[in-house]
Amino acid sequence: MNLIAQLLPSSNVVVDLEASSKKRVFEQAGLLFENNQGIARSTVFDSLFARERLGSTGLGQGIAIPHGRIKGLKDAVGGFFRLESPVQFDAPDGKPVSLMFVLLVPEQANEHHLQLLSELAQMFSDREFRESLLKAADADEIHSMFANWGSDAPDQLSAAL
Amino acid sequence: MKIIILGAGQVGSSVAENLVSEANDITVVDTDPHLLQLMQNRLDLRAVVGNAASPSIMRQAGADDADLLIAVTQSDQTNLCACRIARSLFNLPTRIARLRSADYVEYPELLDDNNFAVDFSICPEQIVTEYIRKLIEFPTALQVLEFADGMLSLIAVRAVAGGPLVGHPLADLRRHIPNVDARIAAIYRGEKPIIPSGETVIQSGDEVFCLAATRHIRQVMRELRKLENPIRRIMIAGGGNIGYRLARSIEERYEVKVLERDNRRTDFLALNLTKTLVLQGDATDEELLESENIEDMDMFLSLTNDEEDNIMAASLAKRMGARRTLALINRKSYVDLVQGGPIDIAISPAQASIGTLLAHVRRGDVAAVHSLRRGAAEALELVAHGDRATSKIVGRKIEEIELPRGVTIGAVVRETGQHRLIHRENTPVMIPEREVIIAHHDTVIESEDHVIVFCVSKKQVAKVEKLFQVGFGFF
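Listed in order, the protein sequences are those of chains X and Z.
Start counting the first sequence at 1; every next residue gets the next number (this note's numbering).
Start counting the second sequence at 1001; every next residue gets the next number (this note's numbering).
There could be a bad hint or two in this list.
[Claimed, not checked] Derived PhoX-like pairs (lysine-lysine); straight-line CA-CA distance at most 25 angstroms:
#, chain 1, residue 1, chain 2, residue 2
1, Z, K1463, X, K95
2, Z, K1332, Z, K1458
3, X, K95, X, K135
4, Z, K1463, Z, K1192
5, Z, K1257, Z, K1134
6, Z, K1332, Z, K1134
7, X, K95, Z, K1459
8, Z, K1332, Z, K1459
9, Z, K1459, Z, K1192
10, X, K95, Z, K1392
11, X, K95, Z, K1466
12, Z, K1458, Z, K1192
Source of the hints: derived by calculation from the structure; they are not laboratory data.
Taking the hints into account, I'd like the entire structure generated from these sequences.
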């Protein structure tokens, strides 16, 4: 199993989320982590917004990987959102974002967390992967795509790091 | 960014004007449809007519999706109420309020998240007052701006023959004042900016911007023109909000006279000012100026609400012998017309106060923004974050940083690691000691440094912000 699959519970995958702005998506992300992981929604919201102020986490090609440190969090945790309609994100290519992976890490971020980020970036740089995420029928299908990523191409991971 | 501006008055419209160009999505709310129409004629923005402090109007303005609320109506109460609503009903992440009354500012707990939920408050009148106070303190400067809570100053001075550095290359500055580290950030010859190097020779008439630790700026100014006698006698035309604040803050140190037309206002001024001489009358009245010995005035400040009156009064005062004249003028074309002619310094209240607001709006960690040369140039104080891998700034020598053309790094303010004990409201607090480092080509920027950047043209600001943004890998 790849690193990402370990921190993405199937209940943290949301498809066709209706949100009209970055702010709304972050609110929804806060709600999700509050319900599923017991992290206060305002903590998630504030952390993501504060990080975004220092520089956009948009990657281009409609992808963003907002991330933030959370005080008191033990292990990194992720959430994936496919949006009903794309939102503005100040991405480098100026394109609005429709696929978003939110990554929360403990306050003392370390090498491991950087590895997680680079593995995510590697996943999303694969055009086929992006396209199948957009086409997938439901959350379960998306979750298994994350779980199986890299299993048929073991070299991809090491190439990313 | 999605931004809601409450109030289409002078502050609101100059904020809008500054932000509209930066690819933001802006909605302005005001009760006056005429004011909104005027703004829409000039700028590409959305307008909503209604009471800014009501939930339904706020929703109509897009509060559900907005990143930032700027509440700058004339009413403190409306602004406070709007911030609370934005926080409680819309979870709007950043809220800025204009507060004119000093009353609220004296109780910071009122602004916290449990009360009015104001992240930042600004008082344009207070900022303009401070701005003028600095110019009285340094009467030969065109502009005096502070960074890093006043540790560092940027001054604009017109070089005059007789100053030791005038007619000499900049490299001589070090020889003249070896114990002072200063940096000439830019020189304007006429309208043309000159990027300074060690060989650049300063000419009489040049407008020179220098950065130095605040305690050194007098010495640096002395290099550019002979120091004049200090200011003692000041006449202020107009006892409105700014005139009154200013008189109150300087009356202990200077001989101050205030001219005010409205007799109810003069009663108020006489009651609330202790040492100032309050006179009723019109500042454009030649006889009155003469009988009040205008020729003995070291400084004449025209601070009424009417910019035409300000121009007339200050021009008149200058002709009648006032040593230095200053006027509040909003219209840029007027400023160009009179500054350097009959009026020594023209101040645009909107330009002077907008920087404080822009600092909170800009992307990245921006601590201060100062508008220079009537909005054409800008100086910023940015906080560097990250490391060599995630930042384009941190861990690099200044000569290694890819600065856009016309942009210079002037200085850095850095925590020394030492702490100092101070007493704040009888409670001891440890505050970190900081030092001013004037930038040289081999100065290495560290994370958390406050970096002072000078942009000769406003067009470069967006690039500078980009440069200071952290990379994707930053947590």
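Checked hints:
{"no.": "1", "hint": "Z:K1463 - X:K95", "in the structure": "19 angstroms, holds"}
{"no.": "2", "hint": "Z:K1332 - Z:K1458", "in the structure": "16 angstroms, holds"}
{"no.": "3", "hint": "X:K95 - X:K135", "in the structure": "19 angstroms, holds"}
{"no.": "4", "hint": "Z:K1463 - Z:K1192", "in the structure": "21 angstroms, holds"}
{"no.": "5", "hint": "Z:K1257 - Z:K1134", "in the structure": "18 angstroms, holds"}
{"no.": "6", "hint": "Z:K1332 - Z:K1134", "in the structure": "22 angstroms, holds"}
{"no.": "7", "hint": "X:K95 - Z:K1459", "in the structure": "23 angstroms, holds"}
{"no.": "8", "hint": "Z:K1332 - Z:K1459", "in the structure": "18 angstroms, holds"}
{"no.": "9", "hint": "Z:K1459 - Z:K1192", "in the structure": "15 angstroms, holds"}
{"no.": "10", "hint": "X:K95 - Z:K1392", "in the structure": "23 angstroms, holds"}
{"no.": "11", "hint": "X:K95 - Z:K1466", "in the structure": "17 angstroms, holds"}
{"no.": "12", "hint": "Z:K1458 - Z:K1192", "in the structure": "14 angstroms, holds"}
Every hint, counting from the list given before, is met by this structure.
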